[in-house]
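**Q** Take a look at the letters that make up each chain.
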Amino acid sequence: MSEDTSIIITAVVTAELNTATAGLLGAGQRLAKETGGEHIVLTSGGSDSEFAAKVKEHADHVITFDSEDLANNQPEAWLNTISVVSSQKKPSAILLGNDTLSQEITPRLAHRLGGASSGDAQAVSANGDTILVTRSVYGGKAEAEIELTASPAVVWVRAQSMEPAETQPTSGTIVAGDVDASSDIRNKLIETHAEEAEGERLEDAQIIVSGGRGLGGPEPFEELVALAKVLKAQNAASRAACDLGWVPHSWQVGQTGRKVAPQLYLAVAISGASQHMMGIADSKAIAAINTDPDAPIFKHCQFGLVEDYQNVIGPLKTKLAELL
Amino acid sequence: MNSAEATREVLWNISYGWIMYVLLLPTAAIGAYGVWKRYKSWKQGLPAEGRLDNPGKRLKYLWNHALLQRRNLRQRYAGIFHAMIFWGFITLTIATTVVMIDHDFGIPIMRGAFYLYFQSLFVDVLGLLALVGVVLAGYRRWKSKPGRLLYTDEASWILIIGGVILGTGFLLEGWRIVVTNDPWGAWSPVGYATGALFAQFLSNETLAQLHLWCWWFHLVLVFGFLAWAPFTKMLHPLTSALNIYSANLEPIGASLKTIDFDTAESFGVNSLNQFTWKDLLDLDACTECGRCTDACPANTVGKELSPRDIILDLRGWLHKGTDGEFSLIGSSEALESDRLFECTSCAACVDACPVSIEQLPKIVDMRRFQVMEEADYPETMQAAVNSMEERQHPYSGSQFSRTDWMQELDIPHASETDDAEVLVWAGCGTSLVERNQKSIRSLAHLLKKADVKFSVLGRDEKCTGDVARRIGNEFLFESLAKENIENFKKHNVKKVITACPHCFNTFKNEYPQLGADFETVHHSEFLGELLKGGRLKITEASERKITFHDPCYLSRHNGITEEPRELLDGISNEPMTELPRNRKNSFCCGGGGGMSFVDEPSDKRVNHERAKEILATDADTVAVGCPFCTTMMEDGINATKGDKKIEVKELAELLNEVTD
Amino acid sequence: MNILVCLKQILDPEVPVRDFAIDSSGLQADPACANQVTNIFCENALESALQLKDLHGGKITVISLGPESVEDSLRKGLAMKADEPFMIVNNNGLLPDSAAVAKVLATAIRKMEPFDLILTGRESGDWGAGQTGGILAEELGLPFTAFIDEVSPEGDDRLILRQQTDSGWQKFSAPKPAVASITNSDHNLPRIPKTRDIIMANRKPLTTWTLEDLEISAEALSSNQYKARVRKLSIPESKSECEFIEGDTTEEKIQKLADKIAAIARAV
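One line per chain: the protein sequences are A, B and C, in this order. With our numbering, letter number 89 in the first sequence gets 89, and the count goes up by one each step, no holes. With our numbering, letter number 72 in the second sequence gets 1072, and the count goes up by one each step, no holes. With our numbering, letter number 72 in the third sequence gets 2072, and the count goes up by one each step, no holes.
Be a bit skeptical, because a hint or two may be false.
[As the list claims (entries may be wrong)] Here are the simulated lysine to any residue pairs, SDA-like style, with alpha carbons at most 25 Å apart:
no., chain 1, residue 1, chain 2, residue 2
1, C, 2171, A, 189
2, C, 2260, A, 302
3, C, 2204, B, 1259
4, C, 2260, A, 296
5, A, 299, B, 1408
6, C, 2194, B, 1263
7, C, 2053, C, 2260
8, C, 2256, A, 311
9, C, 2171, A, 296
10, C, 2194, B, 1408
[Stated by the list, open to error] Chain B is nowhere near these chain C residues, computed Cβ spacing over 12 Å in every case:
no., residue
11, 2038
12, 2068
13, 2150
14, 2155
15, 2167
16, 2177
17, 2204
18, 2224
[Stated by the list, open to error] Between beta-carbon pairs, the in silico distance windows are:
no., chain 1, residue 1, chain 2, residue 2, range
19, A, 190, C, 2252, 53 to 61 Å
20, C, 2247, B, 1613, 31 to 39 Å
21, A, 229, C, 2252, 20 to 28 Å
22, B, 1262, A, 195, 46 to 54 Å
23, A, 217, C, 2247, 45 to 53 Å
24, A, 195, C, 2212, 31 to 39 Å
25, C, 2166, B, 1603, 51 to 59 Å
No wet-lab data here; the hints were simulated from the structure. Here the structure is a predicted model, which means the values were calculated and not measured. Every residue, glycine too, gets a C-beta built ideally from N, C-alpha and C.
Using the sequences and the hints, build the whole thing.
**A** Pasting the structure below:
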């Protein structure tokens, strides 16, 4: 490629095709189109892997790295790999997803490459030589447009909220990458513990039933779990309910919790503080059940019911069971 | 015989009567030692300002509440029998003194009409009353056994000994009358009848013999009792009187002490020598009556807090002579930290106490230690305190701004106007809790209707610090207070109206301790004045059947009970219904003392308890005068009202409805 | 253990929506619209450090960059029993970007005694960029882990860092010195300072540096040098109109709600 062609690198650290990956690839694809550049995807696994085969439908080039450290999510292995590749390819932007690893290496990567970094981008676009990022700030009270003036712009995006990648007319190439990912790992991942996740991740859930402080304790959440079952939905909670120990921390949605983008987010006894709204702003539809008609949540809802949840959840579950 | 010569022979039938004087010595020595021990233990306390000043006022207070037993008589049965015993024994003591003056000092006063009417008749009647009182007391202690009493052997013996002293007294009198054939005997009707009864069966010789034995028995019993008394709760005639004399004569709302943080060695109290001498005297004034615990709203709904047991357990440590190293908090069940933090600071305990013990300030003193020295207190209260530190209001998580209630009301800020008559102070509980915004909007409408020029401080309001002070963070309270006082000075604020009794109390009684100099009025007072002055007119009274829930911080803490009632009388055509527990006897809504910020267990909610009382009346409206009461009672009533139609309305809302 | 905790003072995140305003530059929140408070994650970081000190001894230094008001955050840190405070005064009107902040902090840190562990909050409650810790580590040439909720020593030379992940947690073994950003957990709620400690903290000496002291020119921190530059800041209008479900009976309302939810569920 000529030196004038810009390159967009998308680093997909988890070799799984899910909503988040699709969104991340979509972001990379669109940015590359905008800049008239090439879209290169970095991922782990062999060049003959199923995942690589799927990804090439959405990228110009796929570079896979068959490394145990990368497959095992050693962050510094990814940091080194992307860094080496980027020094060679000199991309104008590097996009990553919103998983823990990507969030952690984004600032480090930018600094190593002399570039600029940003996180939690809800939109990324090109602005001549620079990259523009749109993100929610001040706990959801404001929206900022930030220009990343140094190159490469390293950005982790709110992947699952982004439009998925389209299938390209011509598939890209797959190449096996050649980087010693395992050299110079100072922080070693030594133990992983995954909680038993029932069903899909919140970030991928299409329907979410969520509860807040207004439920007053852990027991009412059991009703919400039953309701979610009927809807084949996932459960979530506001930070208050998690901090009070009523539900696991992994249920927390909001500024410092999960960011979700379901088709429907049902908020039960949640007031709708801006920090919580930051986590659900990308939902296609928000509905709320709350005794307070002036609760802020209603300003963000498509529909809602002003009623005590105790009077609603049981009958609602029954009726939904009939309808579905 | 000439009645002017009426008298009796003292020490009749008693030889070796001088032994009595000898026995007086050990009695006095032991008794004095007992009193001295107590006095010494009070002296370890810190100074208490202003408790011995104004002797004229204090003597009057003593007269009313010690001698006339006014507060004690609030509980009819116990008050009456105690008065009978008390006045009876006072009378008998005077009678004995008369004997001493006449017999030992040779001043012939026990003669003639005085002897007949007072020494014989009056004393006999009072003695009988005392005996009847003992019987009534005995019935209560051993038969009906109300829960609030302490059932100790000591208390039973005191009663028995008192009764025996009285009984033997009448026996002695009666037997003397018979054997001496006293011509004036009938002037002592009880003694006379007693003597006559025994004379039916026993000869004079026998009676004289009985009299001799019984006289010494009576003497030893009385002297023994006097020597023993200072080591029991029978010290209370002395200590209760002293305590009532040195009572807090200021409003209850002014009774918390300030701390000099630069010099204080300890913040709050965790050992006896950190209390004041008055606090320690309080402990010895306690007669174990239990009225404080009975009145306590936390205790009433089943929580563990017991003001009586706090006092008695502290008294126990006082008597054991614990030193400055001994940690009081947690030293017994009643002194567990958890229990201290169940208190709503309603002061029902202080108000109920017949002997002027101040339980509430001690609870706050110990809270201060937990909060400021140990940083160990309930998490929800910590969150409220943290919020007051960070954003000067306790409502962490509130979506509201202090100016929300003013939207579209066009009210000038204090800095924008020079001719405002008053400053309207909204307070955190009113401006940051949506339900209460309606109340203050109503107040604003009323003031506009009356053409009152007023201003507000809007976002420049900072929490008065009441919540911080009651939780026990005196440091934060003082820093908030100083900031507010500065701000008021800066804006030249002279008169403040507030609809929140907590803000009202803090401004009126507590800010002056820190240098404030402005007038504060509760809105019920101000609105009343507007009506009386014709600036506000009720155009059409409503038909609401209203009852009034007196806010603790107005009624008990500040003695304001009639102004809200005057307003309500005008507001509705229907006569007001009084709740059983009204005015100073009002039952707390449960919101004070930082408790608004605590999640109570669902079966122990103070507001539900009060709601039940309200629902038992025929009222369709319960009027409130405080933002905490408003939300607490709405929650409580909504949770318990079932089908009954009843609303909670703030005073300003009600008045606004009936004025144009 | 020698620990450095970086504290950031920010506009109160609980500022009510109605009070929140953007200043005349149009590029940051109006500092007058609410109080300044210490970022909660920075307090979690300090709490983590204090717990390490309680168990293993050592010294905790706290540092903050900003206008003179950041002294309040440092003094609160001292009240919680941090040992030594440093303040770098910067009265630049606009918020410096994370890379610039990291550079300044790194310059200061190189003048201080060596640390075993450097902690930041995972992100700040105002801009929530979450970049400073990682860039700071790179500036100092040190390894970095994010979202840590537990730190413990591993022998003399290494640390075990527990990281919160989407699905649970993981543990890293890192060489000293290490940099980590801390997230909140049940175990690092910031301790309430005792009043006596607050009073003592107000009397302790505070080392204050200016940018000149660090030999950083004001030019270097001017906005046209920023790597991440705010171009626009706006308050989004709440656009949705909520349909409040009505009905004669509660049952009717619940039925309508169920219908609406079912319609969406079927389409999924």
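**Q** Does each hint fit the structure? Answer for all of them.
**A** Quick rundown of the hints versus the structure:
Of the supplied pair hints, the one linking residue 2171/C and residue 189/A holds, its CA atoms being roughly 6 Å apart against a limit of 25 Å. Distance check on the hinted pair: residue 2260/C and residue 302/A sit about 10 Å apart at the alpha-carbon level, within 25 Å; holds. Restraint check for residue 2204/C and residue 1259/B: satisfied, since their Cα atoms lie roughly 22 Å apart, inside the 25 Å limit. Our distance criterion of 25 Å between C-alpha atoms is met by residue 2260/C and residue 296/A, whose separation comes to about 21 Å.
Proposed proximity of residue 299/A and residue 1408/B is supported: the alpha carbons are some 21 Å apart, at most 25 Å. Between residue 2194/C and residue 1263/B, the direct Cα distance comes to roughly 16 Å. Compliance with the 25 Å bound is thereby established for this hinted pair. Pair hint residue 2053/C plus residue 2260/C does not hold up; C-alpha atoms about 55 Å apart against a cutoff of 25 Å. For the proposed pair residue 2256/C and residue 311/A, the alpha carbon gap of about 14 Å is at most 25 Å, so the pair holds.
Taking the CA atoms of residue 2171/C and residue 296/A, the gap is about 39 Å. The hint is violated against a cut of 25 Å. Between residue 2194/C and residue 1408/B the CA atoms are separated by roughly 43 Å; this puts the pair beyond 25 Å, and the hint is violated. The claim that residue 2038/C lies off the interface is violated: its Cβ sits roughly 8 Å from the closest Cβ of chain B, which falls inside the 12 Å cut-off. With 12 Å as the threshold on Cβ separation, the claim that residue 2068/C sits away from chain B holds: the shortest Cβ distance comes to roughly 18 Å.
With 12 Å as the threshold on Cβ separation, the claim that residue 2150/C sits away from chain B holds: the shortest Cβ distance comes to roughly 21 Å. The Cβ of residue 2155/C lies farther than 12 Å from every Cβ of chain B, with a closest approach of about 34 Å, so its non-interface assignment holds. With 12 Å as the threshold on Cβ separation, the claim that residue 2167/C sits away from chain B holds: the shortest Cβ distance comes to roughly 29 Å. The Cβ of residue 2177/C lies farther than 12 Å from every Cβ of chain B, with a closest approach of about 31 Å, so its non-interface assignment holds.
Residue-level check passed: residue 2204/C sits 16 Å from the nearest beta carbon of chain B, beyond 12 Å. The claim that residue 2224/C is not at the interface with chain B holds, since no C-beta of that chain comes within 12 Å of its own (minimum 34 Å). Separated by about 58 Å at the C-beta atoms, residue 190/A and residue 2252/C satisfy the suggested range of 53 to 61 Å. Separation of residue 2247/C from residue 1613/B is about 35 Å and conforms to the stated range, judged on CB atoms against 31 to 39 Å.
For the hinted restraint 20 to 28 Å between residue 229/A and residue 2252/C, the CB-CB distance of approximately 25 Å keeps it satisfied. Range check, residue 1262/B to residue 195/A: Cβ separation about 52 Å, and the 46 to 54 Å hint holds. For residue 217/A paired with residue 2247/C, a C-beta distance near 29 Å fails the hint of 45 to 53 Å. At about 51 Å, the beta-carbon gap between residue 195/A and residue 2212/C misses the expected band of 31 to 39 Å.
Judged by the Cβ atoms, the range 51 to 59 Å given for residue 2166/C and residue 1603/B is violated: they are separated by roughly 39 Å.
The structure fails to meet hints 7, 9, 10, 11, 23, 24 and 25 from the earlier list, while all remaining hints are met.
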